[in-house]
Amino acid sequence: MSAGLRGPHSGRRNTEQVGEIHDHARDNHQPTGTDDKVGHMTAIVEIQQLRKEYSSRGRGSIVAVNDLNLTIGQPGTVHGFLGPNGSGKTTTIRCLLGLVRPTAGNARVFGADSRTEFHAVADRVGAIVENPKLFPNFSGRKNLQLLATLGRIEQRRVDEVLDIVRLGDRGDDTFESYSLGMKQRLAIAAALLKDPELLILDEPANGLDPAGIAEMRVLIRTIADQGKAILVSSHQLAEIEHVCDEVTIIANGELIRSGSLDHVRDADGVERVIVSIPQREEAMAVLRAAGMTVSAMANAADFTIEAPKTDAGRINQILAEQGLFLEGLRADRATLESAFLSLTGTSDGDRGGKTRIHNDQREAQS
Amino acid sequence: MSVNTAVFTAEGQRLLSRRMTRLFPLGLAAAMIVGVIIAMLTVGDEGVHFVDDIASGVYGGIPGDNSTQVLGPLGFLVPIMAFVIGASFFGADQKTGMIEQLLTWEPRRSRLLLGRITSGAAAIFVVAAALSAFVVMMLYILSSATGSTDGAFDIWPTVLGAIVRSGLTGAIFFALGFGLTVLVNSSVASIVGFLIYVFVIETALVQPLLPKWSVWLPMTNADAFVSRNGVGQGGFFEGVEILNNQLPNFHHGWIAAGLLLAAWSAVACGAAVMVFNQRDID
Numbered sequence: 120m121s122a123g124l125r126g127p128h129s130g131r132r133n134t135e136q137v138g139e140i141h142d143h144a145r146d147n148h149q150p151t152g153t154d155d156k157v158g159h160m161t162a163i164v165e166i167q168q169l170r171k172e173y174s175s176r177g178r179g180s181i182v183a184v185n186d187l188n189l190t191i192g193q194p195g196t197v198h199g200f201l202g203p204n205g206s207g208k209t210t211t212i213r214c215l216l217g218l219v220r221p222t223a224g225n226a227r228v229f230g231a232d233s234r235t236e237f238h239a240v241a242d243r244v245g246a247i248v249e250n251p252k253l254f255p256n257f258s259g260r261k262n263l264q265l266l267a268t269l270g271r272i273e274q275r276r277v278d279e280v281l282d283i284v285r286l287g288d289r290g291d292d293t294f295e296s297y298s299l300g301m302k303q304r305l306a307i308a309a310a311l312l313k314d315p316e317l318l319i320l321d322e323p324a325n326g327l328d329p330a331g332i333a334e335m336r337v338l339i340r341t342i343a344d345q346g347k348a349i350l351v352s353s354h355q356l357a358e359i360e361h362v363c364d365e366v367t368i369i370a371n372g373e374l375i376r377s378g379s380l381d382h383v384r385d386a387d388g389v390e391r392v393i394v395s396i397p398q399r400e401e402a403m404a405v406l407r408a409a410g411m412t413v414s415a416m417a418n419a420a421d422f423t424i425e426a427p428k429t430d431a432g433r434i435n436q437i438l439a440e441q442g443l444f445l446e447g448l449r450a451d452r453a454t455l456e457s458a459f460l461s462l463t464g465t466s467d468g469d470r471g472g473k474t475r476i477h478n479d480q481r482e483a484q485s
Numbered sequence: 162m163s164v165n166t167a168v169f170t171a172e173g174q175r176l177l178s179r180r181m182t183r184l185f186p187l188g189l190a191a192a193m194i195v196g197v198i199i200a201m202l203t204v205g206d207e208g209v210h211f212v213d214d215i216a217s218g219v220y221g222g223i224p225g226d227n228s229t230q231v232l233g234p235l236g237f238l239v240p241i242m243a244f245v246i247g248a249s250f251f252g253a254d255q256k257t258g259m260i261e262q263l264l265t266w267e268p269r270r271s272r273l274l275l276g277r278i279t280s281g282a283a284a285i286f287v288v289a290a291a292l293s294a295f296v297v298m299m300l301y302i303l304s305s306a307t308g309s310t311d312g313a314f315d316i317w318p319t320v321l322g323a324i325v326r327s328g329l330t331g332a333i334f335f336a337l338g339f340g341l342t343v344l345v346n347s348s349v350a351s352i353v354g355f356l357i358y359v360f361v362i363e364t365a366l367v368q369p370l371l372p373k374w375s376v377w378l379p380m381t382n383a384d385a386f387v388s389r390n391g392v393g394q395g396g397f398f399e400g401v402e403i404l405n406n407q408l409p410n411f412h413h414g415w416i417a418a419g420l421l422l423a424a425w426s427a428v429a430c431g432a433a434v435m436v437f438n439q440r441d442i443d
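So the protein sequences, as listed, match chains W and R. Here the working numbering is used: the first residue of the first sequence is 120, the next is one more, and so on. Here the working numbering is used: the first residue of the second sequence is 162, the next is one more, and so on.
To be clear, the hints were calculated from the coordinates, so they are not data collected in a lab. Any given hint might turn out to be false.
[Said to hold, decoys possible] So, partial list: chain R residues that the calculated Cβ filter (under 7 Å) puts toward chain W:
1) Ala-167
2) Thr-170
3) Ala-171
4) Gln-174
5) Arg-175
6) Gly-258
7) Met-259
8) Glu-261
9) Gln-262
10) Thr-265
11) Trp-266
12) Pro-268
13) Arg-269
14) Asp-441
15) Ile-442
16) Asp-443
Computed from a predicted model, the values in this text were never measured in an experiment. C-beta: ideal position from N, C-alpha, C; glycine also.
This is chain W alone, in the form it adopts within the complex (with noise of 0.2 Å):
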């Protein structure tokens, strides 16, 4: 699966020199992530107060992206970008690779500014930006010995990658004619063609069927095992957390939260263990009466408390004493899924959405 990960830039060109962007690491073949002439560490990818504004004609403005700060410093991350349809993550991949222009802040990759200078680092980028985009009337293996072509890649990397991506012996039919899956792991292997430190994965799972998303997962993890920074949005929460190391979460396009799993999966920071009994109202009502706090769960027989879990003994102990003995209890241990519904509160809906400026609120504003 991971023959040619890891080749060392095979194939490729020199990195084109422009000025000040020009990067050591890469002709030193370092690992990545590091810059520079001074020595100091560069991140892979820096976005500092970044906003997008698109004007709406005649109803002012429509903030996709607002005050956004974002730091990816290590090679071999895998970092999820989470966040509600229309929470703006695309739009910041988009600012990203240059193509959509940041209407204020800035965004940085391997220290390039990407309204100006991502040229220097396209070819240390590979990219996947919403839906698999290659021409559908070509062969999977013709649309990548085009891009080969157009980065100067030796040719004999576009079987590397299409091997990678299990496509080698599919190569030669249309693009059209593949599955979805296969139309995304194709998009991949397009992206793997520079052999880049930096994935950019916008929704790579959409439509896959779970057979599909599996094999996802484990070419995202092998990839970023191979040493490669994955940045990778998405809303399969369950995926996200099986391949992320690090998980950044965003709602009207601003940052909810930002770090390790564990630390945005610990979202409000309130352990709970969850209480099974058949006499549920009854037992709830005597913890509260202890002053515990306790909610009720879709299962009949459960809820939670908010307590850690050593306090089991305990609240085995005042339930017992009221003829209340339970049937279990265990520690709630918090998953990304209701960790990013309580940060985003998407059950209403609303709060994904790009939030709109009007015209009088902006006069207001300034």
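Chain W is fixed; fit chain R onto it per the hints.
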């Protein structure tokens, strides 16, 4: 391989691999074959004479001469073909997201756009010239079957010149189509607009109603350039510049017509690059 060469090579290959680039010229060639077959079946006793027909196509008929302009239709068909291919080369790739994909490989937008335009124009030059050569070949076959080919090889430089000019016209209109499509950001709008312009605005309105303006317009000049005619108010068929200059309604010759076309195209491409450089790709 330099970056410019890589962009030129990759995008030229991409254009030539597209169905549109293959099927449109093949369709025109098929139409030519059908036309020749019909001509063979319906031509009168005089038959078709290669030299007369080619010469009348290249130089234009002397006023009062009703001989057929064989290469004349190419001055009309090649621009339309090239414009449509140019428009779809940007529009289709924009629609499928290929432009976005390509910009993650070559983020310098001017370089990508100009690379696409130059490589595409070069490819269409070859395609249009090949199509013109095919027309000449079909005429030769028609002439040998029904009339005469006497003197055909004596006029080969003239024929070659017409073929080259047809290729150049194709290249220019490819760039025009590409540039205008970038500006309006839609190949459908660009192509439909162009066809309305050609068949309604320029041909049906401006040429008969505003002949002073028609001398500046693309299709009038394309016809003159391919056929090596001069451009005059109301249109006429004079190929010899000296003769043209002596006519009261002469405006400019075929070289100026070609330069004017190139200028239109350059303006469209220049504006396209400027607009594309500022545009959000989403």
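Could you tell me which of the hints above the structure violates, numbers in ascending order?
Checked against the structure, no hint fails, so every one of them is satisfied.
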